[in-house]
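Chemist: Residue numbers (my numbering), protein chains in the order written: chain A, 732 to 1092; chain B, 732 to 1092.
Keep in mind the hints are simulated off the structure, nothing from the lab. Do not rely on the hints blindly, as some may be mistaken.
Same chains, same label: a pair holds when it works inside one copy or across any pair of copies.
Mimicking BS3-like on lysine-lysine, the simulated pairs with C-alpha atoms at most 27 Å apart in a straight line are [claimed, not checked]:
no., residue 1, residue 2
1, K825, K911
2, K734, K776
3, K893, K1048
4, K843, K1041
5, K837, K893
6, K776, K837
7, K1048, K956
8, K1050, K986
9, K867, K776
10, K780, K1041
11, K956, K843
12, K963, K843
Number of protein chains: 2
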Amino acid sequence: MAKRVYNFYAGPATLPLPVLERARDELLDFAGTGMSVMEISHRSKEYDKVHMESMALVKELMGLKDGYKVMWLQGGASTQFYQVPLNLQVPGKKPQYVNTGVWSKKAIKEAKLYGEVDVLASSESGNFSYIPQDVKFSEDASYAHITGNNTIYGTEWHYMPKVPDSVPLVADISSNLMDKNEDFNKYAVIYAGAQKNLGPAGVTLVVVREDLLGRVPENTPTMQKWSTMAAKDSLFNTPPCWAIYICKLSMDHLKEMGGIPAMERINREKAKALYDVIDGSGGFYKGHARPDSRSLMNITFRLPNEDLEKMCVEAGKAKELIGLKGHRDVGGMRASIYNAMTLEGVKVLAEFLREFQDENQ
Amino acid sequence: MAKRVYNFYAGPATLPLPVLERARDELLDFAGTGMSVMEISHRSKEYDKVHMESMALVKELMGLKDGYKVMWLQGGASTQFYQVPLNLQVPGKKPQYVNTGVWSKKAIKEAKLYGEVDVLASSESGNFSYIPQDVKFSEDASYAHITGNNTIYGTEWHYMPKVPDSVPLVADISSNLMDKNEDFNKYAVIYAGAQKNLGPAGVTLVVVREDLLGRVPENTPTMQKWSTMAAKDSLFNTPPCWAIYICKLSMDHLKEMGGIPAMERINREKAKALYDVIDGSGGFYKGHARPDSRSLMNITFRLPNEDLEKMCVEAGKAKELIGLKGHRDVGGMRASIYNAMTLEGVKVLAEFLREFQDENQ
């Protein structure tokens, strides 16, 4: 038996054990080919099956209607920060962004290279501890952009902002991809680096409504245009086959578990287990996020002082609870409990936190 | 024992068996962490060691002097086709390209989006069956570009073109990375998709002379600039950790085998074994590449007619010799024998080809 720990890293992050075991078992011989998934041609029928099924699974799990293109791109969400404005710009119009943290700010910075940007709402003055409520995008926006979950601060959108039908709503859901059921057809574009909630680093899921693929200016370099990959089912050049394969196994696993609605029930139970510890600690643990904006995926909290925070991270490590140090922008501790983190793992963490308080209060 | 075949795919391609075995053995528990390489934070000390060592190995194996930046990027060589002109452009100057096939043409097409391009030499009229000889780049070029090996046609540069000291020489060596010893310090920039001669698809090796990192225009999107990743040791955002890890294991293996000079001796023996079959076949097998331009990596050849070619590919498959169908632009057959293909595998193929001729002539 391989040693395994409870991994609360913010990303790359834990993956479902059955996915890893299967990847290991067929690493030298995939589907009876006598070759690894890493070694077979991306034009082979064996890889093609993985590739096409992976895209179909995204549509199936998210309940996407016809008219969406699922793409596997490279370069992370950071690459989408410029590809979104490049591919969605409309001359004479401005995009509208909501600023809910570091990643929103980076997205806004890149968008400004393509023209003026309207920052419609921001929670920066409150150290991004909440999601602005009652956001309404305007009719004249070229597109609307939100960051679905904010890994650093532990905040998440729990309502759909108001967007006129004519304005495409774009969401970076890198850290809350498929964490809860939503009408994903309300989004025109979603993008997500895989390494938090889906698979390994090295592939980015981008889903685009097909009617938007014509917006990109002519004379744009081939690899900067979504339309290049959309037209070739992400096989214009060699895709990151291994990463897509792991994402596919991970979605198979999610489907077997009952899909996104079943995952959401587990995620809510996991998050509640930790927020209950925080809320029941009499102020020993103090959550960073405002209760109405609390993330299901990243639980951020402080302790009475930095020494205790350091002690708590180290004590966790000693019990094989890994990756609990908070991001420097918020400090304290962060437990990232993505889809692949089990309820069992969260319960072990909750129990540890209760004990730590008892011993150190 | 897992079933294994002889894999002659052009890319993704075969990987060294010890690399795959090690990746399998530590897939669930890397370096005693209790986590997969795919699951550990890219900021963890365990991943950082892999990352830094992988970059040091590139420098060590290639004998690169100080002043080069090794980077792990994403998006394949196709992404570099635009990043090269974007990052190396000089106002008022034109780059010079040598056109030796489909991939050169794609590189030239993207460069034209940034201004005029001078195609200095081309072998297109000869269906790219040779590398133009005695190429001399001009003093006034912004940079010089060659494609080191042409996968489709089976041609490879076997001499260093003349380049004035002031002109940076850029080479796409996706399909002949580290296949033979050269003075790599003659290049200012080299780039290579990993999935042929180094690792899995999903990571691109880019090596740039540091003095060139300032050429990129201000207001270029962050992820399009080499300088972004150069300044952060390719950790500006989450890198494709798994792919880099496999490349690192693959370079460890190459180093154990004696490095590039030892690899070159094996590669020359492998290529000779197949070219000897072609040259000794009395015209039954006909090589596509002119002898002075023959690739060590991709052996391309025709048979007397297409029916025989089809038969030969199928007969090979039946003997577990996989991936021998030629590219449609050349037709016939192609054996890709990258660094990871063993001499033993090539000998099995050579023997098979001799037998096929005996039986079907």
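Chemist: Decide, hint by hint, whether the structure agrees.
Modeler: Quick rundown of the hints versus the structure:
no., hint, in the structure
1, K825 - K911, "neither (30 Å within a copy, 52 Å between copies)"
2, K734 - K776, "between (36 Å within a copy, 18 Å between copies)"
3, K893 - K1048, "neither (43 Å within a copy, 58 Å between copies)"
4, K843 - K1041, "neither (39 Å within a copy, 55 Å between copies)"
5, K837 - K893, "within (23 Å within a copy, 43 Å between copies)"
6, K776 - K837, "between (39 Å within a copy, 26 Å between copies)"
7, K1048 - K956, "neither (44 Å within a copy, 38 Å between copies)"
8, K1050 - K986, "neither (32 Å within a copy, 38 Å between copies)"
9, K867 - K776, "neither (47 Å within a copy, 44 Å between copies)"
10, K780 - K1041, "between (48 Å within a copy, 24 Å between copies)"
11, K956 - K843, "both (18 Å within a copy, 16 Å between copies)"
12, K963 - K843, "between (30 Å within a copy, 23 Å between copies)"
In summary, the numbered hints that this structure violates are 1, 3, 4, 7, 8, 9.
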